[in-house]
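Student: Could you put the whole structure together from the sequences, leaning on the hints where they help?
Number of protein chains: 2
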Amino acid sequence: MLNPASKSPFSTIEYMQTCLKDDLAIVETILTEEAASPVDMIPDLSGYIVAAGGKRLRPMITLAAAYAAGGATSATHYLSAAVEFIHTATLLHDDVVDNSDLRRGKPAAKMVWGNTASVLVGDFLFAKAFHLMVRTGEIKILDILAKASGVIAEGEVRQLAAQGRLDLPTEEYLAIIEAKTAALFEAAAEAGALSAGHAEHSAALASYGKNLGLAFQIVDDTLDYGGTTSLIGKSVGDDFREGKITLPVVIARRRGAPEDRAFWDRAMQVDKQEDSDLAHAIHLIRQTDAAKASMDEAKAYIQLAKNALITLPESEYRILLESLADFCLDRGY
Amino acid sequence: MLNPASKSPFSTIEYMQTCLKDDLAIVETILTEEAASPVDMIPDLSGYIVAAGGKRLRPMITLAAAYAAGGATSATHYLSAAVEFIHTATLLHDDVVDNSDLRRGKPAAKMVWGNTASVLVGDFLFAKAFHLMVRTGEIKILDILAKASGVIAEGEVRQLAAQGRLDLPTEEYLAIIEAKTAALFEAAAEAGALSAGHAEHSAALASYGKNLGLAFQIVDDTLDYGGTTSLIGKSVGDDFREGKITLPVVIARRRGAPEDRAFWDRAMQVDKQEDSDLAHAIHLIRQTDAAKASMDEAKAYIQLAKNALITLPESEYRILLESLADFCLDRGY
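Protein sequence lines, in the order shown, are assigned to chains D and E. Heads up: the first sequence runs through residues 53 to 385, numbered per our numbering. Heads up: the second sequence runs through residues 53 to 385, numbered per our numbering.
Calculated directly from the structure, the hints in this document are not laboratory data. Note that the Cβ used here is the ideal one computed from N, Cα and C, for glycine as well. Check each hint, because a few of them may be wrong.
Stated by the list, open to error - Simulated restraints on C-beta separations:
(1) E:Thr81 - D:Thr363: 37 to 43 Å
(2) E:Ile362 - D:Lys107: 54 to 60 Å
(3) D:Pro90 - E:Asp219: 16 to 22 Å
(4) D:Ala213 - E:Glu223: 43 to 49 Å
(5) D:Ala251 - E:Pro90: 25 to 31 Å
(6) D:Glu311 - E:Asp323: 44 to 50 Å
(7) D:Arg318 - E:Arg217: 45 to 51 Å
(8) E:Glu223 - D:Gly99: 25 to 31 Å
(9) E:Glu223 - D:Arg318: 56 to 62 Å
(10) E:Ser328 - D:Val322: 38 to 44 Å
(11) E:Ala314 - D:His332: 55 to 61 Å
(12) E:Asp219 - D:Gly99: 24 to 30 Å
As the list claims (entries may be wrong) - SDA-like mimics (lysine to any residue), calculated; alpha carbons at most 20 Å apart, straight line:
(13) E:Lys199 - D:Met93
(14) D:Lys199 - E:Pro90
(15) D:Lys344 - D:Val288
(16) E:Lys199 - D:Pro95
(17) E:Lys199 - D:Asp92
(18) E:Lys192 - D:Asp195
(19) D:Lys199 - E:Thr84
(20) E:Lys199 - D:Glu85
(21) D:Lys107 - D:Asp382
(22) D:Lys199 - E:Asp92
(23) D:Lys192 - E:Gly189
(24) D:Lys199 - E:Pro95
(25) E:Lys192 - D:Ile191
(26) D:Lys192 - E:Lys192
(27) D:Lys192 - E:Glu190
(28) D:Lys199 - E:Asp195
(29) D:Lys296 - D:Gln321
(30) D:Lys358 - D:Leu109
(31) D:Lys199 - E:Gly189
(32) D:Lys192 - E:Asp195
What the hints assert, rightly or not - Interface residues of chain E toward chain D, partial, derived using beta-carbon atoms under 8 Å:
(33) Met93
(34) Ile94
(35) Asn167
(36) Ala169
(37) Phe176
(38) Phe178
(39) Lys180
(40) His183
Tutor: Here it is in structure tokens:
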């Protein structure tokens with residue numbers, strides 16, 4: 053059972069990894085087998101990104117959802133691996149898209165193998181994800197994940213179109229992160245329930261996943277400016293350097309004085325950034341309480357995620373999903 | 053029925069389009085509906101590439117295969133649209149990959165919308181392809197297309213790894229084009245038979261599709277150097293300018309004198325090309341009969357494709373598939 057005495061957020065992930073150890077080992081085997089190819093560059097590159105310190109958060113959500121709904125099956129394992137491949141393919145294509153040079157703390161794959169290989173190996177993993185879903189034998193699971201994949205791509209395009217829109221309405225920001233992040237969390241939890249053969253719990257778990265995903269992305273976006281209290285623990289400023297319009301920026305600009313708005317309008321243009329801009333951006337986000345306001349927004353979604361679990365039968369896996377929700381929030385404070 | 057008196061290769065495609073007019077209209081409607089999105093950039097970009105003069109060759113193969121196997125169904129229409137979306141997604145990602153500036157005679161999408169949008173909209177169309185396959189309700193069709201998608205990506209990576217390998221064995225060239233081109237033709241024809249509910253004809257049609265695809269790509273690669281007789285009818289030199297190692301180049305270099313080999317070894321390096329190189333490359337390909345040898349190779353696959361049709365019941369659609377094979381070959385002479 054959980055160790056509620058520990059307040060370290062890391063222990064939650066480690067505890068989940070321990071609870072789901074045997075299942076995660078099966079998922080790792082599937083990931084390795086499916087990424088195999090006689091074309092050397094494919095296992096080299098996909099191994100690099102799949103193995104690059106990923107926490108396997110999405111497979112854990114899938115597995116825990118299946119257990120909370122009634123029990124994991126071999127379909128759950130295939131589904132968990134498929135969800136991780138979709139996530140990995142998205143990361144590879146994001147590398148190209150974002151011009152980001154670091155990914156999971158290592159140089160982005162495209163820095164090592166080139167843009168071209170990142171696009172093509174992403175396509176390969178995406179195809180393999182669908183192949184794994186076929187192996188679940190459940191057309192309904194395929195339907196959920198195929199739709200989610202379309203929504204994710206749509207969200208990424210929507211984010212691209214939002215670049216430079218400093219007056220982005222909060223609703224549009226939320227629509228973007230619901231598509232690009234929450235849709236996969238939602239699909240993983242919903243399909244997890246179906247893979248357990250318990251469709252009666254799929255709507256509750258879908259709602260859990262969606263709200264968890266929304267909160268997760270808001271926290272991530274807030275952590276990119278150091279969260280509410282500390283700069284330690286995560287590389288800061290990636291979104292800023294890419295000119296990505298996120299909730300803390302939108303709030304800080306909305307609450308700022310005219311000269312602060314002028315700062316944001318200039319500094320969020322990648323080619324007009326100066327060395328001292330990131331520090332000033334963090335200062336403004338603190339000064340306007342924009343980090344706190346963002347975290348309050350995340351907190352509301354975490355509460356919705358936990359509320360969604362109420363209809364599920366009591367179990368240690370339901371508690372695990374609750375703890376995961378708390379963890380996602382805690383890492384932002 | 054067919055008009056065997058006409059020797060113009062264009063009439064075959066036009067005749068197929070006429071024969072399959074009603075089905076193609078349904079496929080077009082599906083393509084338009086599925087590419088719809090509230091995010092403007094998606095229908096703008098996908099409409100641009102989907103509508104950009106595509107002959108709908110792969111949907112026509114799918115439809116004709118289904119009819120030749122027994123009859124098209126609504127599953128055939130969804131499948132045909134899915135196959136076109138996979139093809140279109142590959143084109144969009146190829147644009148990024150190849151640094152090619154023209155596609156289907158128009159500026160490549162990435163020149164208009166940027167690399168980023170090409171990657172993301174490609175992902176969107178790929179997801180939509182899987183969504184359409186889910187709508188066929190046939191897990192076996194999903195299996196075939198998911199596997200083919202993986203093979204296509206693998207073939208593209210393999211082609212990337214072959215860049216600069218002037219001594220590429222013919223077998224490796226064939227393995228690359230079998231993966232990147234023939235796999236989708238094969239899957240389209242095989243799944244076409246399944247969508248008609250006639251699995252007993254799927255192996256024959258798979259063989260037809262694979263061999264047709266191999267020949268199609270060899271002819272395409274030969275046409276890039278003007279074919280055997282004429283420079284007219286297709287933009288020449290795209291592959292050459294990208295340093296792509298194709299069959300006519302491999303054969304011309306193998307048959308060339310030492311100084312010709314030295315020419316190929318320099319000129320196939322994109323950054324070392326000079327203005328007069330393309331004309332000299334075409335000259336060497338003619339001189340060594342490399343274009344003719346390539347076309348002979350294509351001819352052998354066309355014969356295999358036609359042989360594969362023998363077990364099918366006699367019908368006008370079987371004749372249509374035979375004519376299509378002849379057309380694919382004829383355009384190279």
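Student: Give a verdict on every hint.
Tutor: Structure-based check of each hint:
no.: 1; hint: E:Thr81 - D:Thr363: 37 to 43 Å; in the structure: holds (41 Å)
no.: 2; hint: E:Ile362 - D:Lys107: 54 to 60 Å; in the structure: holds (56 Å)
no.: 3; hint: D:Pro90 - E:Asp219: 16 to 22 Å; in the structure: holds (19 Å)
no.: 4; hint: D:Ala213 - E:Glu223: 43 to 49 Å; in the structure: holds (46 Å)
no.: 5; hint: D:Ala251 - E:Pro90: 25 to 31 Å; in the structure: holds (29 Å)
no.: 6; hint: D:Glu311 - E:Asp323: 44 to 50 Å; in the structure: holds (48 Å)
no.: 7; hint: D:Arg318 - E:Arg217: 45 to 51 Å; in the structure: holds (49 Å)
no.: 8; hint: E:Glu223 - D:Gly99: 25 to 31 Å; in the structure: holds (27 Å)
no.: 9; hint: E:Glu223 - D:Arg318: 56 to 62 Å; in the structure: holds (58 Å)
no.: 10; hint: E:Ser328 - D:Val322: 38 to 44 Å; in the structure: holds (41 Å)
no.: 11; hint: E:Ala314 - D:His332: 55 to 61 Å; in the structure: holds (59 Å)
no.: 12; hint: E:Asp219 - D:Gly99: 24 to 30 Å; in the structure: holds (29 Å)
no.: 13; hint: E:Lys199 - D:Met93; in the structure: holds (19 Å)
no.: 14; hint: D:Lys199 - E:Pro90; in the structure: holds (15 Å)
no.: 15; hint: D:Lys344 - D:Val288; in the structure: holds (17 Å)
no.: 16; hint: E:Lys199 - D:Pro95; in the structure: holds (17 Å)
no.: 17; hint: E:Lys199 - D:Asp92; in the structure: holds (19 Å)
no.: 18; hint: E:Lys192 - D:Asp195; in the structure: holds (15 Å)
no.: 19; hint: D:Lys199 - E:Thr84; in the structure: holds (17 Å)
no.: 20; hint: E:Lys199 - D:Glu85; in the structure: holds (14 Å)
no.: 21; hint: D:Lys107 - D:Asp382; in the structure: holds (17 Å)
no.: 22; hint: D:Lys199 - E:Asp92; in the structure: holds (19 Å)
no.: 23; hint: D:Lys192 - E:Gly189; in the structure: holds (10 Å)
no.: 24; hint: D:Lys199 - E:Pro95; in the structure: holds (17 Å)
no.: 25; hint: E:Lys192 - D:Ile191; in the structure: holds (11 Å)
no.: 26; hint: D:Lys192 - E:Lys192; in the structure: holds (15 Å)
no.: 27; hint: D:Lys192 - E:Glu190; in the structure: holds (12 Å)
no.: 28; hint: D:Lys199 - E:Asp195; in the structure: holds (17 Å)
no.: 29; hint: D:Lys296 - D:Gln321; in the structure: holds (9 Å)
no.: 30; hint: D:Lys358 - D:Leu109; in the structure: holds (17 Å)
no.: 31; hint: D:Lys199 - E:Gly189; in the structure: holds (15 Å)
no.: 32; hint: D:Lys192 - E:Asp195; in the structure: holds (15 Å)
no.: 33; hint: Met93; in the structure: holds (5 Å)
no.: 34; hint: Ile94; in the structure: holds (6 Å)
no.: 35; hint: Asn167; in the structure: holds (7 Å)
no.: 36; hint: Ala169; in the structure: holds (6 Å)
no.: 37; hint: Phe176; in the structure: holds (4 Å)
no.: 38; hint: Phe178; in the structure: holds (6 Å)
no.: 39; hint: Lys180; in the structure: holds (6 Å)
no.: 40; hint: His183; in the structure: holds (4 Å)
In summary, this structure violates none of the numbered hints.
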